[in-house]
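Colleague: These are the residues of each chain, in order.
Number of protein chains: 2
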Amino acid sequence: MKESLRYALLEAQLELARQASRSVVLVVTGHAAAGKTALINELNHRLENRLTEVHALAPSSEERERPYWWRYWRRLPARGRVGVFVHGWYGDALFARTEQRLGEGAFHDRLAEIRAFEAELAAENVAIVKLWLDIDRDVQGRHLKALWHDPERAWQVKDHDWQRHLQYHALDALGREMREATEADHAPWLRLAGGPEETPIKALAQRLVAAMAGPLPDVESPLTTPTAGIGAPPRLSDLDAASPEAMDKATYRERLKEAQARLAGNAREIQRRRIPVVLAFEGQDAAGKGGCIHRLTSALDARQYRVHRIAAPSEEERAHPWAWRFWQRLPLDGRVAIFDRSWYGRVLVECVEGLAEPAAWRRGYDEIRRFERQLLAHGAVLGKLFLAVDKDEQLRRFRARAETPHKRHKLTEEDWRNRERWDDYRRAIDDIFVHTHDVDGGWALIDANDKRRARLAVLDHVNRLLEARLAEPR
Amino acid sequence: MKESLRYALLEAQLELARQASRSVVLVVTGHAAAGKTALINELNHRLENRLTEVHALAPSSEERERPYWWRYWRRLPARGRVGVFVHGWYGDALFARTEQRLGEGAFHDRLAEIRAFEAELAAENVAIVKLWLDIDRDVQGRHLKALWHDPERAWQVKDHDWQRHLQYHALDALGREMREATEADHAPWLRLAGGPEETPIKALAQRLVAAMAGPLPDVESPLTTPTAGIGAPPRLSDLDAASPEAMDKATYRERLKEAQARLAGNAREIQRRRIPVVLAFEGQDAAGKGGCIHRLTSALDARQYRVHRIAAPSEEERAHPWAWRFWQRLPLDGRVAIFDRSWYGRVLVECVEGLAEPAAWRRGYDEIRRFERQLLAHGAVLGKLFLAVDKDEQLRRFRARAETPHKRHKLTEEDWRNRERWDDYRRAIDDIFVHTHDVDGGWALIDANDKRRARLAVLDHVNRLLEARLAEPR
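Those protein sequences? They're chains S and G, same order as listed. Per the UniProt record's numbering: the first sequence = residues 1 to 474. Per the UniProt record's numbering: the second sequence = residues 1 to 474.
Bear in mind the hints are in silico, worked out from the structure with no lab data behind them. Small disclaimer: the values here were computed from a predicted structure and weren't measured. Fair warning: there could be bad hints in the mix.
Said to hold, decoys possible - Simulated restraints, written as ranges between beta carbons of each label pair: (1) G:D150 <-> S:E258: 15 to 23 angstroms; (2) S:D238 <-> G:A312: 48 to 56 angstroms; (3) S:R273 <-> G:E177: 37 to 45 angstroms; (4) G:G141 <-> S:G103: 29 to 37 angstroms; (5) S:D159 <-> G:G103: 36 to 44 angstroms; (6) G:A359 <-> S:R18: 38 to 46 angstroms.
Unchecked claim - Derived lysine to aspartate or glutamate pairs resembling EDC-like cross-links, with alpha carbons at most 16 angstroms apart: (7) S:K257 <-> G:E42; (8) S:K36 <-> G:E42; (9) S:K407 <-> G:E11.
Every residue, glycine too, gets a C-beta built ideally from N, C-alpha and C.
Generate the whole structure from the sequences, applying the supplied hints.
Modeller: What follows is the structure in structure tokens.
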């Protein structure tokens with residue numbers, strides 16, 4: 001590589017780190033013996049190692065017990081950094097297909113997921129470079145044999161290299177199909193000739209300089225088709241009729257005990273069958289989310305669940321794509337993650353504050369849909385619960401909070417400000433129901449004007465979700 | 001639990017979160033069937049779940065491939081939060097001993113590690129509460145039988161509960177020994193009567209309120225005995241004699257190639273044998289750490305190593321005890337972690353800036369020694385390299401940096417400031433050598449006045465470290 005290109009690469013990387021406004025992801029895949037390792041090593045020696053992370057994955061037990069994409073989300077470089085993925089999601093898909101671990105349909109689904117994943121990253125200022133390293137089949141065979149007969153280098157040849165040599169034509173065709181299906185302006189493929197004689201470092205370095213310092217391309221977001229609805233989505237006005245009268249304490253206590261016993265049994269079975277559960281709670285301020293969550297967790301073993309309160313993002317969270325903070329919190333199989341406010345905050349706030357342009361707003365919904373689908377694809381039970389109070393009831397609760405010393409901390413200036421935009425929020429909430437009331441991810445709209453009824457309704461809804469899953473054949 | 005105590009607990013926890021100046025760690029262990037689970041569940045329902053994390057460990061593959069304490073370090077609550085460990089490090093030690101996975105000597109070593117671990121946390125404002133739940137042996141037996149014969153609750157009885165009932169007396173004696181060995185003002189034991197009739201939530205809640213809101217006790221730091229030296233530690237003045245003349249380029253290139261080939265072979269063998277390697281680089285500004293690291297990594301497979309640059313801590317790092325950031329970066333078995341500046345920054349800065357009181361300074365050294373010992377106990381190769389330049393050579397390099405566009409970013413105001421305190425740093429560095437030149441963790445002092453010789457010396461030192469380990473019987 002010419003010295004001038006070398007400095008350009010280093011300069012671009014230092015500027016990337018200084019600005020910390022984007023990150024760069026490089027995926028390198030292709031044929032066996034095409035010199036992937038040599039190329040990555042050479043590249044890596046040209047980069048500032050302290051700002052670079054190279055990932056060659058052998059999934060750990062923590063990764064296998066979470067949705068497929070978790071292993072990549074957790075490894076995404078923070079803004080200002082470079083992440084290099086050896087084979088990455090492309091190698092995964094390619095080899096799983098040739099080894100028949102993915103059927104044809106599943107392979108195409110995976111390609112669609114890849115498209116969506118990359119579009120999501122690109123929209124969050126991740127510059128993506130994808131490299132396919134080519135080699136002629138005969139050259140590959142001769143090179144593998146030469147290595148094999150050289151005692152110094154025979155270790156470089158793994159069983160799977162021979163396997164991939166035998167499957168050269170299948171891999172070549174799949175590779176082409178994969179590249180065509182995932183080509184995009186925001187994540188273009190670079191196809192370079194490798195092999196024993198060539199290390200196309202120059203072309204790769206040029207592309208990387210562009211990714212680090214060039215303009216970020218527009219994102220062509222492949223919008224996910226909403227799945228068929230599961231009946232009409234709820235609407236807040238469904239609750240406008242007079243709420244049922246308050247439940248008396250004795251009845252409540254008895255029913256609560258029953259529902260919690262039922263939940264305890266269901267939760268044990270969920271744990272035994274290693275089914276992950278994700279519950280998202282949304283609701284107006286003072287709707288009683290905390291109290292409902294408390295009645296849920298009171299029936300659960302403390303070791304089984306974790307409650308995540310979603311508030312302002314941390315420094316580390318701000319340095320990663322938006323969804324990263326939710327991926328980080330996904331439960332292991334058999335565990336329950338309860339989100340007190342959730343990924344819906346994004347579409348709520350963007351919509352109410354009028355921040356979002358239509359494209360960003362559509363993208364928000366799209367990311368949410370795909371996030372939830374990935375949970376479901378991994379076999380998670382997903383519950384989404386909205387606790388609704390009316391405007392008078394909220395006022396009563398705000399006042400009660402202001403007057404009760406141990407509750408005063410719950411009431412903030414922001415609560416009053418949000419209250420002023422009551423109707424805007426109502427519209428945004430109904431929008432959420434319309435756009436995300438999907439198969440397996442339906443909303444439960446809970447009338448929360450009576451706390452006791454609301455808590456029982458929450459328990460009942462969660463119990464029914466778990467029982468429906470437990471009734472499915474394994 | 002009385003309502004007043006309940007509010008006191010919640011108030012204390014909210015204040016803990018508001019101040020975010022300390023965290024609380026609760027470990028609950030004791031006899032089987034003493035009601036541990038019920039107690040933790042009940043406690044957890046009194047706490048603010050969004051600020052609490054409950055950990056019951058079944059080590060993952062990522063945890064088994066790192067030093068023992070990594071699994072606890074990664075789970076330490078951030079300041080403002082509460083971490084509850086079910087059995088935690090005490091259950092680990094206890095059951096490993098009764099199941100003969102730990103011999104008597106190893107058990108005592110573990111108790112010493114626990115003392116040191118807790119002292120380290122306490123010194124970083126972690127309030128520690130340790131609960132041993134007692135039960136009479138006969139009551140335990142009757143209770144286990146009653147559960148076993150109740151179809152609704154039989155699932156609660158695990159095989160290990162019977163095992164622990166049979167070993168009651170051994171566990172009781174070991175428990176007593178363990179409590180006595182780890183009792184400290186900063187990490188006191190609470191021993192409470194449990195069993196089917198009693199859930200001593202009140203006593204536990206009172207203790208927790210004190211831990212959250214009470215004064216933090218003085219830490220009695222159990223200083224680690226330095227291990228026998230490995231000969232005299234190096235001194236910077238060893239290099240004061242005239243440096244050897246600069247090596248010519250041709251000789252350098254040839255030797256570099258040889259040394260890198262040797263390193264490549266050693267690194268492959270290290271990976272094959274799954275030996276983790278940790279290399280810490282220290283040195284004066286402009287001593288050429290980056291260049292030396294670069295010549296090391298040029299010989300390594302990009303997938304095998306990671307370079308960690310230690311600079312100002314992030315928000316998340318500041319919310320955890322000091323050593324957390326280094327624990328977070330420990331490599332998996334077979335991988336190489338290279339630290340560009342390291343945990344020695346602490347004693348250097350504290351000493352030079354005169355910040356540290358003698359006690360804090362001793363504690364810093366003590367933590368470093370224990371951190372390194374834990375790496376070694378896990379089987380890691382640990383290399384510590386100090387690159388030294390003389391004052392004139394540093395000035396030449398500063399000037400060269402200022403004049404070279406692509407190197408200018410490396411020179412900061414702070415570099416000039418540090419240079420003014422050259423002699424203070426020299427004293428602090430010699431102190432480091434004296435205090436941490438331990439068996440298996442010896443310092444290599446590298447004359448870095450000639451860059452070529454320095455790079456070769458670094459490669460040679462690392463090669464010799466790896467070869468010494470590879471020569472050991474497995």
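Colleague: It remains to establish, for every hint, whether it holds in the given structure.
Modeller: Results for each hint:
| no. | hint | result |
| --- | --- | --- |
| 1 | G:D150 <-> S:E258: 15 to 23 angstroms | 19 angstroms, holds |
| 2 | S:D238 <-> G:A312: 48 to 56 angstroms | 53 angstroms, holds |
| 3 | S:R273 <-> G:E177: 37 to 45 angstroms | 40 angstroms, holds |
| 4 | G:G141 <-> S:G103: 29 to 37 angstroms | 54 angstroms, violated |
| 5 | S:D159 <-> G:G103: 36 to 44 angstroms | 40 angstroms, holds |
| 6 | G:A359 <-> S:R18: 38 to 46 angstroms | 40 angstroms, holds |
| 7 | S:K257 <-> G:E42 | 15 angstroms, holds |
| 8 | S:K36 <-> G:E42 | 55 angstroms, violated |
| 9 | S:K407 <-> G:E11 | 9 angstroms, holds |
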